[in-house]
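Engineer: These are the residues of each chain, in order.
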Amino acid sequence: MTGRLVKAIVVVALVAAAATWLGAGCGSSGANETGSTRTATPGKVAGELRILGYEDVTEPKYIGAFKKQYPDVNVRISAYEDGDDALAKLRAGFECDVINWCVDEPPSRLALKLGYLQPIDVSRIHDWDRIFPAFYKLPLVTAADGRHYLVPTEAGVTGIVYNTQAVEGVPDSWADLFDPRYRGKVVMMDFPATAIQIGALALGYSDPLHLSDEQLQAVEQLYLKAKKDGQFRTFYSNDSEIIDLMHSGEVVIGVGYPDNAARLQELGDPIAYTNAKESAMVWAGGYSISSKCKNLDAAYALLNYYLSPQAEKFEAEHWGYDVANQDTLKIVDAAQRKRLAEVGAWQNITVAGPPEEGYDKWIRVWQQVKLQ
Amino acid sequence: MSGGTPVAEALRSELSQRSVGDIRHAQPRPPLRHRARKWFGKHGGVGFGILVIGMLYAPLALLVLFSFNDSIVCSFPWRGFTLRWYSEAVSNGNVLSALKNSVLVASIVAPVSLILGTLAAYPITRFHFRFKGAVSGLIAAPIAVPWEITGVAALIYFVRVLHMSPSKTTVILAQIVVTIPLVMLIMAASLARFQRVLEEAARDLGASRLQVFRYIILPHVAPSLIASGLLAFSWSINNFEISFFNGGFDLLVPVWAYSTLRHAINLPVVNAVGTLISAAEMIVLAVAYVTATRRAEARTAKEKLEIFMGEVG
Amino acid sequence: MTSLSGDIVRNMARRSRWLTPLAFLASPTAFMLAFFAVPLGVLVATAFQHSSLYSTASGFTLDNFRTLLTDPLYRRVTVDTVVIATTAMVIQLVIALPLSYVLAFRAGALELPLLLALVVVDELNPIVRIYSWRMLLGREGIINDTLRWLGIIDRPLDWLLFTKFSVVVVLATSWVNYTVLPLYASMKAIDPSLLDEALDLGAGWRWRWRSVLLPLVTPGLFVAVILVYIPLFTDFATPGLVGGPSSYMLGNCLADSMMTTGDWGVGSALALVMLAAMGLLSAASFFLTKLKQIE
Chain S
1 MTGRLVKAIV
11 VVALVAAAAT
21 WLGAGCGSSG
31 ANETGSTRTA
41 TPGKVAGELR
51 ILGYEDVTEP
61 KYIGAFKKQY
71 PDVNVRISAY
81 EDGDDALAKL
91 RAGFECDVIN
101 WCVDEPPSRL
111 ALKLGYLQPI
121 DVSRIHDWDR
131 IFPAFYKLPL
141 VTAADGRHYL
151 VPTEAGVTGI
161 VYNTQAVEGV
171 PDSWADLFDP
181 RYRGKVVMMD
191 FPATAIQIGA
201 LALGYSDPLH
211 LSDEQLQAVE
221 QLYLKAKKDG
231 QFRTFYSNDS
241 EIIDLMHSGE
251 VVIGVGYPDN
261 AARLQELGDP
271 IAYTNAKESA
281 MVWAGGYSIS
291 SKCKNLDAAY
301 ALLNYYLSPQ
311 AEKFEAEHWG
321 YDVANQDTLK
331 IVDAAQRKRL
341 AEVGAWQNIT
351 VAGPPEEGYD
361 KWIRVWQQVK
371 LQ
Chain D
1 MSGGTPVAEA
11 LRSELSQRSV
21 GDIRHAQPRP
31 PLRHRARKWF
41 GKHGGVGFGI
51 LVIGMLYAPL
61 ALLVLFSFND
71 SIVCSFPWRG
81 FTLRWYSEAV
91 SNGNVLSALK
101 NSVLVASIVA
111 PVSLILGTLA
121 AYPITRFHFR
131 FKGAVSGLIA
141 APIAVPWEIT
151 GVAALIYFVR
161 VLHMSPSKTT
171 VILAQIVVTI
181 PLVMLIMAAS
191 LARFQRVLEE
201 AARDLGASRL
211 QVFRYIILPH
221 VAPSLIASGL
231 LAFSWSINNF
241 EISFFNGGFD
251 LLVPVWAYST
261 LRHAINLPVV
271 NAVGTLISAA
281 EMIVLAVAYV
291 TATRRAEART
301 AKEKLEIFMG
311 EVG
Chain C
1 MTSLSGDIVR
11 NMARRSRWLT
21 PLAFLASPTA
31 FMLAFFAVPL
41 GVLVATAFQH
51 SSLYSTASGF
61 TLDNFRTLLT
71 DPLYRRVTVD
81 TVVIATTAMV
91 IQLVIALPLS
101 YVLAFRAGAL
111 ELPLLLALVV
121 VDELNPIVRI
131 YSWRMLLGRE
141 GIINDTLRWL
151 GIIDRPLDWL
161 LFTKFSVVVV
171 LATSWVNYTV
181 LPLYASMKAI
191 DPSLLDEALD
201 LGAGWRWRWR
211 SVLLPLVTPG
221 LFVAVILVYI
231 PLFTDFATPG
241 LVGGPSSYML
251 GNCLADSMMT
261 TGDWGVGSAL
271 ALVMLAAMGL
281 LSAASFFLTK
291 LKQIE
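Chains as they are written, first to last, in our numbering: chain S, 1 to 372; chain D, 1 to 313; chain C, 1 to 295.
What the hints contain is simulated information worked out from the structure, not anything from laboratory work.
Mimicking DSS-like on lysine-lysine, the simulated pairs with C-alpha atoms at most 25 Å apart in a straight line are:
id : chain 1 : residue 1 : chain 2 : residue 2
1  : S       : Lys-292   : S       : Lys-44
2  : S       : Lys-44    : S       : Lys-61
3  : S       : Lys-227   : S       : Lys-361
4  : C       : Lys-164   : S       : Lys-225
5  : S       : Lys-44    : S       : Lys-67
6  : C       : Lys-164   : S       : Lys-227
7  : S       : Lys-225   : S       : Lys-361
8  : S       : Lys-277   : S       : Lys-338
9  : D       : Lys-100   : S       : Lys-61
10 : S       : Lys-113   : S       : Lys-137
11 : D       : Lys-100   : S       : Lys-68
12 : S       : Lys-67    : D       : Lys-100
13 : S       : Lys-228   : C       : Lys-164
14 : S       : Lys-44    : S       : Lys-68
15 : S       : Lys-361   : S       : Lys-113
16 : S       : Lys-277   : S       : Lys-225
17 : S       : Lys-228   : S       : Lys-361
Generate the whole structure from the sequences, applying the supplied hints.
Structural biologist: Here you go:
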């Protein structure tokens, strides 16, 4: 009897001890920071900087120069895969200083509505005036109240990726994705904001972000009929997927980015990219400052860094993105310059994103499409 | 040895009424197909087992193979053998810190849940007491809750109620919540049917519960114990949902992997890291196996009881 | 030597005081109470509240449950998921039962290494699953290529991948290690001489299985189903990756309500319903199997 009790007590004690030790470790890893939001010495940027963003934000080659410039800043990253996941974390009470995401993602819009972001003092952003003018009109960059909640650093267009040998001519219309000639060899993005918008443009609606209920119904019917005819091989949510599908020949045409075609060309595949004539759908990403930010000096330092031509150059060359800072064109080679200059030519941008109102109806439609 | 289920009783009484020799002599030599079936039954079993396990490994094996392929797509034709994905992986600070954190977390989660889960399984299969249903229900419940929900609910609890910042600690605690029922259920399956008469005989002869556990139960459930521990370890390293929601600013491998796959060029690096992790698990597996076989000799519980009885006198 | 008789059984009953189980259960129960009971409470509370990103309603409500019961989306998704998950579960058992039998009784020295090798079958990230399965099941995949080479088919089979078939196949093979483990664990507790005696008496494998083995592994079967059925139900990565355009299961529904629509009220209600269903099912099957055995 004593043996049992002793054993049980020992185990409970061990667990309690472990919990206490872990709890102490937790305390030292930055829990319950009560430091002031300003650093002690004005002008000296130091302390912890907590980022919620994609993992590549702290890729060594991307952020290396920042760390060298500000060695006293402890950059910490909480990585996410999908903006929706990040928003769920924020909603549950997660706190951070800087958030990296895209303006075409629903969660960034919602975060603004829910008060998780604070306005950015653009006078503290050195290169703010050097940004391509087209970016200023984007949601979050300039919100409805006229203030700025995001510093854009990267962008791109969404268009049509296709196999030049399997597809006749240049399929430059969204309607080509519904062409029966390509039955069973089309891939669509598994993302309601993009899919519904494309469907609306394919039906010829001029204002895809303001659809009436009848128009939304029509888009739903378009997709349901296409599915019944076996038009789509699958819906994808990841760059690697579309590259794999096109490379292996499972699909010959689909929604994608110029970078997808570039990678496939590197592999020797006859794949090309084209913008759709109905409209070039633009996505853009950047950095916001959280309303609970505890280190504003470091946050602004980071935003300035990411917007600087050096950092932008890395994004353009390594990931094939378009950049926001016009000065970047001065330090890249001729081929990149030509590509990046296209941003200046963007006229009527349709942001590849959710509508301001009624996105839950779009989500519902897409659920129905996937269910049938 | 008496006792056991009615079926066992029936078989034994059958046997006691005849001798095995009688039965064998009573039958003529079995035809070839019976002999073949018996041989196949003896050796085919292991072959079948290896074949099935091999087939289950096939998707994983393909990924390991392509982690050495000089291409960002997992597709034939083969483009050449390369180790660059591995060198990219080990020279990436994010990967190394993620690996370190994940292994640390798993190394705490696995033993704690193994101990607590087994502690819970034993009384549930041995005793009857009030609230047994409620307690076993509470401990087993996390199995039925989807991980993303447990993750979010736990995050809300940690941040808003306990005022803790998400960190490795919260990940460890939340993961243990889910792995305890895992271990408990597997160990309960192992302990439920064990011939308790051996236990009770030993108890009657004066053995303490600790001695009973060490000499009679432990050798028999050792494989299940080791397997559950390994399962909890592997689960902890690979689990995304709990790690994501309860993780703070320390990178963990599955979170890193999901996030880095945003770029297609990172696919082979993820495969390389996955292979490294599988290799690490194989090493842990080998260590566990060697430890287990060295300590456990091939004795049945019966023989141990006899030895023990001899010692007690 | 004390003879083993009914006295032992009576002593066993007398020893079952509450102190002994308490000593064992104290730490696990305390841990669960500390770190699961409250999150569970949060879950229950959220299920009864309006909590959506796209609506401004707030406060107590039963609407979440009403939505689950009346919305045809949930009905349809549940039916689909039950069919797919049950098929996958059955296939898993068909694979796992012989496999665990082999491991428990026939593997000899290879028993532990094979078991442990099985336990660690799991890739790092479900996303990469799609690539290996595409190589196996795709239009230019190994199976299609082999069938065409053998002349059995002219054109590749489309339905091997990106259909409900591939979802079932991938689900059935992804969780086998969780199914085998409890089955193996309960088989180990069986005295192998029992089976050998049956063999010597001339019993065929069918009789041995049905009348001897199956009743004795019921606890393992029970645990295997509890462990795996719910993850099969709530898996959202597999249908999303290999399910093709018709890939909407309960797991996707749940993930959508937690992330995309942010309707935590409905998501929590769904989780509670599944928890309750699982509880009822396990209680029912527990009592059913208990009645079958006369201990």
